[in-house]
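Novice: Chain by chain, the residues run as shown.
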Amino acid sequence: SAVISQKPSRDICQRGTSLTIQCQVDSQVTMMFWYRQQPGQSLTLIATANQGSEATYESGFVIDKFPISRPNLTFSTLTVSNMSPEDSSIYLCSVGLGTSVYNEQFFGPGTRLTVL
Amino acid sequence: AQRVTQPEKLLSVFKGAPVELKCNYSYSGSPELFWYVQYSRQRLQLLLRHISRESIKGFTADLNKGETSFHLKKPFAQEEDSAMYYCALHGSGNTGKLIFGQGTTLQVKP
Chain A
1 SAVISQKPSR DICQRGTSLT IQCQVDSQVT MMFWYRQQPG QSLTLIATAN
51 QGSEATYESG FVIDKFPISR PNLTFSTLTV SNMSPEDSSI YLCSVGLGTS
101 VYNEQFFGPG TRLTVL
Chain B
1 AQRVTQPEKL LSVFKGAPVE LKCNYSYSGS PELFWYVQYS RQRLQLLLRH
51 ISRESIKGFT ADLNKGETSF HLKKPFAQEE DSAMYYCALH GSGNTGKLIF
101 GQGTTLQVKP
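Protein chains in written order, with my numbering: chain A, 1 to 116; chain B, 1 to 110.
None of these hints come from the bench; they were simulated from the model. From a predicted model like this one, the values you see are computed outputs, not experimental measurements. No residue lacks a Cβ here, since even glycine has one placed at the ideal position from N, Cα and C. Mixed in with the good hints, there may be bad ones.
[To be verified] To be clear about the criterion: a stretch of chain B counts as covered by chain A if any three or more of its residues have a C-beta under 8 Å from a C-beta of chain A, and this derived list gives those stretches:
| hint | stretch |
| --- | --- |
| 1 | 38–50 |
| 2 | 96–102 |
[Claimed, not checked] Pairwise CB distance ranges, derived in the manner of DEER restraints:
| hint | chain 1 | residue 1 | chain 2 | residue 2 | range |
| --- | --- | --- | --- | --- | --- |
| 3 | B | 73 | A | 64 | 44 to 54 Å |
| 4 | B | 18 | A | 69 | 42 to 52 Å |
| 5 | B | 39 | A | 41 | 11 to 21 Å |
| 6 | B | 73 | A | 81 | 38 to 48 Å |
| 7 | B | 42 | A | 8 | 16 to 26 Å |
| 8 | A | 1 | B | 40 | 19 to 29 Å |
| 9 | A | 28 | B | 110 | 38 to 48 Å |
| 10 | A | 88 | B | 41 | 13 to 23 Å |
| 11 | B | 62 | A | 63 | 34 to 44 Å |
| 12 | B | 68 | A | 60 | 19 to 29 Å |
| 13 | A | 60 | B | 65 | 24 to 34 Å |
| 14 | B | 40 | A | 41 | 14 to 24 Å |
| 15 | A | 1 | B | 26 | 22 to 32 Å |
| 16 | B | 80 | A | 85 | 33 to 43 Å |
[What the hints assert, rightly or not] Chain B residues, not near chain A, derived (Cβ > 12 Å throughout):
| hint | residue |
| --- | --- |
| 17 | 13 |
| 18 | 58 |
| 19 | 80 |
Just chain A, same shape as in the assembly (with noise of 0.2 Å):
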């Protein structure tokens, strides 16, 4: 299994402003996964973040809004950039384990962001 932190747990941040979500591992891990859970609503991915590559980014989310970093395996940053309130969320990192794409994922605790 894997052991994931989350930082910070909670924010209530302005719009127009910018929060950078870090995400650390126990372990490495080459496959690492953003997702965001508005209220009342189920998780959607945002975007993939392997180690060595470029994100990738689902249909609906772009670089300019959420830029990624993975500068290794065990360590990821998404931000959040030029926030409004509809980007008030739960905003949660995956991992898989080993080489599989379907293996099971491990969820940080999330990180529930308000944006007023």
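Given chain A, work out where chain B should sit, using these hints.
Specialist: Frame of chain A; chain B shown alone:
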């Protein structure tokens, strides 16, 4: 389109009653399906996956390709089963992407 549907937002049962949380999917090909659970104040975690054909905490789920369903069942609900349950599908394209259903809150009353 690849999609997961959980028709019930809330399922409330009494302790000892049978439980069935419904999940239907839309996917062309052989699906990889999972049930994830989130207990109060805990993170999302895997409950079971169809490929393992295992029973976890008394829960089972059978893939029915004809009905495109992957319902989660337990014969006798316990209060500690109260949680949010998500059905998830591995998307195509060898990316590891998970497609989640809307989630069902299971409430087991004493």
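Novice: Taking the numbered hints from earlier one at a time, note which ones the structure violates and give those numbers from smallest to largest.
Specialist: none
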